[in-house]
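Number of protein chains: 2
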Amino acid sequence: MLKGKMVIGQSGGPTTVINQSLVGAILAARQQDAITGILGAHHGLAGIMNEDFIDLTTQSVEQLEDVANTPAAALGSVRLKPGRAECEKVFEVFKKHDVRYFFYIGGNDSAETAHIIAEMAKQENYDFCTVHIPKTIDNDLRVTDHCPGFASAARFVALAFMGDDRDNAALSGVKINVVMGRDAGFLTAASALARQDEGQGPHLIYVPEKTFDVAKFQSDVKAVMAKYGRCVVAVSEGITDAEGQPVMTSGERDSHGNLQLSGTGALGDFLSGKVKEAYGDEVVRVRADTFGYLQRSFPSIVSEVDAQEARMVGDFGVHHAVANAEPGSVAIRRLSSSPYKSECFITPLSTVAREATELKDEYINEAGNDVTQAWLDYVSPLVGALPKIGQLF
Amino acid sequence: MLKGKMVIGQSGGPTTVINQSLVGAILAARQQDAITGILGAHHGLAGIMNEDFIDLTTQSVEQLEDVANTPAAALGSVRLKPGRAECEKVFEVFKKHDVRYFFYIGGNDSAETAHIIAEMAKQENYDFCTVHIPKTIDNDLRVTDHCPGFASAARFVALAFMGDDRDNAALSGVKINVVMGRDAGFLTAASALARQDEGQGPHLIYVPEKTFDVAKFQSDVKAVMAKYGRCVVAVSEGITDAEGQPVMTSGERDSHGNLQLSGTGALGDFLSGKVKEAYGDEVVRVRADTFGYLQRSFPSIVSEVDAQEARMVGDFGVHHAVANAEPGSVAIRRLSSSPYKSECFITPLSTVAREATELKDEYINEAGNDVTQAWLDYVSPLVGALPKIGQLF
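Quick note, the sequences are listed as chains H and L, same order.
The numbering of the first sequence is the working numbering, which starts it at 1 and goes up by one.
The numbering of the second sequence is the working numbering, which starts it at 1 and goes up by one.
In case anyone wonders, no lab produced these hints; they're calculated from the structure.
Heads up, a few of these hints could be off.
Here are some chain H residues the structure puts well away from chain L; computed CB gaps all over 12 Å [stated by the list, open to error]:
(1) R30
(2) A34
(3) H43
(4) E62
(5) D66
(6) A68
(7) R79
(8) R155
(9) R166
(10) Q218
(11) S272
(12) E277
(13) A325
(14) S336
(15) K388
For lysine-lysine, the following DSSO-like pairs were computed, each having C-alpha atoms within a straight-line distance of at most 30 Å [what the hints assert, rightly or not]:
(16) L:K222 - L:K122
(17) H:K81 - L:K3
(18) H:K227 - L:K81
Even glycine gets a Cβ: it sits at the ideal position worked out from N, Cα and C.
Please work from the sequences and hints to get the whole structure.
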């Protein structure tokens, strides 16, 4: 039996359920004879390199449950793609503190870090087990059916579009909402869950997986406006043009002739300008919002499935490590969509590290401006039941 | 007894509970012998002028309850400050359809509309009763203790800051969030409810009631950063400079030398630039979000008090009109804060129409960058209990 201390850390953009994974791992580790100490790294790798640890054996279960239900990384997070030197420093600290288990909660970059450190340990014949615990609102990890953190962010997006579509129905016009997702459109696609009835928005959905064509966008909007007298648009922040360049750095000028600035609302403003341009002298009410950080941090609306699974991957990671002393990444296998059932399994770190995945073709419609039923079947059980929309018209 | 049809309409920016007021009024009206028909105006005054009505006597209670729990104006809303001619047209339609009761759900502009039409009826000796039913997320109506719609938007803002503050604690830096409120800082001030413990944000709160000084803002941020290593800022979209001009139209250039454009993220970007400027060559992580329309439309997190009171003002308005045939605006009187208790009363339309109110001085701290305990005592019972924040550090 591999016996020694464990270090756990959180990395990358936080989610609303990443602390469920942390608490799942802590509570499991407290039951293990093989684990002689539980060190929380303050701000991930940065904390390890600085030996900035917190003892995670002392908190009451009640405090930990409060932490589990609180959004964002309670240990502090970090944005750091470590080079060889940093990984060596980390490994040195691990040896110094007799750390034999390392659990890193994060995305594909964190899996890569875990992988490098696991390889170092192997080369030095240091008995050591590192396990990557998945989290990302982007849902872009390979192998796993989906990523803890995604469903709650998707729930935020779906609720946001439900309410905003009603707002748009009350005061008609074109409304553009920019959703997180630089390279993958999973979150943006989740906006489709807001629709419960014919005519409800979002009416158009654009994801980074498909080339974004401004002229096509303009005619799409006009077609929806002609049909419903209003139009709600979901668009990923990362949409790109035919050259693969982000739409916002294409050097386009807006309808007022100003060169677009980068900025928090820039893409929404740019697209609003394009809609106004398409209508020429005809006055159309156009508004844009950029959902921003609330998508990954808004409390009290987490998906129940997401919270449970985030807890489960943390717990499973620790049990796997102690039982097998074998590095890997925890992944989720969907057993059934109705009723929804899933289980954890371990996949080699190399299968998750570095590379990311994106929305499958079958989830995007032919026109590239909406999702398919297959997507709704995939995402709906993860996000859970949504409030019912009442209408008079 | 004044006997005839009633018209009900919704006006201005929707809220998440404005349909509670609508349903409260419909259900009360269905019980009244004096009310011989219930006409819903499609898009407020615009619908009345076009005689675009929906019969509100036919829907099941179940459907109405779904509507009550759905954000945004189910009848459709309108942004229209009617002139004399429009009011005359409205009055003509009322006479044509034997409308004797008019209920208008909206803010101070809607109260003004109701007032004009009430005066017309008086001059023409047309037996008629018009009642204004209050709603606004801005909370800026006179006389009433607070406005239906405000507390739910305030709850959104408080929850948003709770989560975002944890996000900022995980990945430190300066985070600026722009909150709705052009002339009044009520919603922005509600961000303070996110704080449960020393060191939690928002650390700085700027409202339109106080002059915004860029240099003071920069030194405020640096002071908070020096103390906590991070800083979360809540700022009203309507902050103004010493000349009373909106900060965003002051012709300032950002840190890159670009003249600021108006746009959805413009104020946040401008303030971010000012923070970076204050730090010169020192690299500080600065981010900004603009909460946008979600504040007034996000479903499933409404304040219970708000939903109940929104229902209550609709119900009370109808009962008052039938019993007294006297025009007026429904207002809320707070009877007790702990336990929270309130009641409705009627105030003359002239006391609510046109003019708006703003945050009292006693609710803003001396430095003009935070709220006071008196504010928290006022707002907390309206917003209701918030989730508990768990921390490890």
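How the hints compare with the structure:
Listed as outside the interface, R30 (chain H) is consistent with that label: its C-beta sits roughly 15 Å from the nearest C-beta of chain L, beyond the 12 Å cut-off. For A34 (chain H), the requirement that its beta carbon stay farther than 12 Å from each beta carbon of chain L is met, with the minimum near 23 Å. The Cβ of H43 (chain H) sits about 8 Å from the closest Cβ of chain L, inside the 12 Å cut-off, so the non-interface label is violated. With a cut of 12 Å on Cβ distances, E62 (chain H) falls inside the contact zone with chain L, its closest approach being about 9 Å.
The beta carbon of D66 (chain H) sits about 3 Å from the closest Cβ of chain L, which is not more than 12 Å, so the claim that it is off the interface is violated. A68 (chain H), annotated as away from the interface, has a beta carbon of chain L within 12 Å; the closest lies near 7 Å. Taking the minimum C-beta to C-beta distance to chain L, about 7 Å, the non-interface status of R79 (chain H) is violated against the 12 Å cut. The non-interface label for R155 (chain H) is inconsistent with chain L: the shortest C-beta to C-beta separation is roughly 9 Å, within 12 Å.
A Cβ of chain L approaches the Cβ of R166 (chain H) within 12 Å, the least distance being about 4 Å, so the stated non-interface status is violated. Taking the minimum C-beta to C-beta distance to chain L, about 19 Å, the non-interface status of Q218 (chain H) holds against the 12 Å cut. For S272 (chain H), the requirement that its beta carbon stay farther than 12 Å from each beta carbon of chain L is not met, with the minimum near 8 Å. Interface exclusion of E277 (chain H) from chain L stands, the closest Cβ pair being 15 Å apart, more than 12 Å.
Consistency note on A325 (chain H): stated as away from chain L, and its beta-carbon is indeed over 12 Å from all of that chain's, at 27 Å minimum. For S336 (chain H), the non-interface assignment is confirmed: its Cβ lies about 27 Å from the closest Cβ of chain L, beyond the 12 Å cut-off. For K388 (chain H), the shortest C-beta to C-beta distance to chain L comes to about 5 Å, within the 12 Å cut-off, and the non-interface label is violated. In summary, the hint linking K222 (chain L) to K122 (chain L) is not supported, as the alpha carbons are separated by about 60 Å, beyond the 30 Å threshold.
With a CA separation close to 75 Å, the supplied pair K81 (chain H) and K3 (chain L) exceeds the 30 Å bound. At most 30 Å may separate the alpha-carbon atoms for a hinted pair to count; K227 (chain H) and K81 (chain L) meet this at roughly 28 Å.
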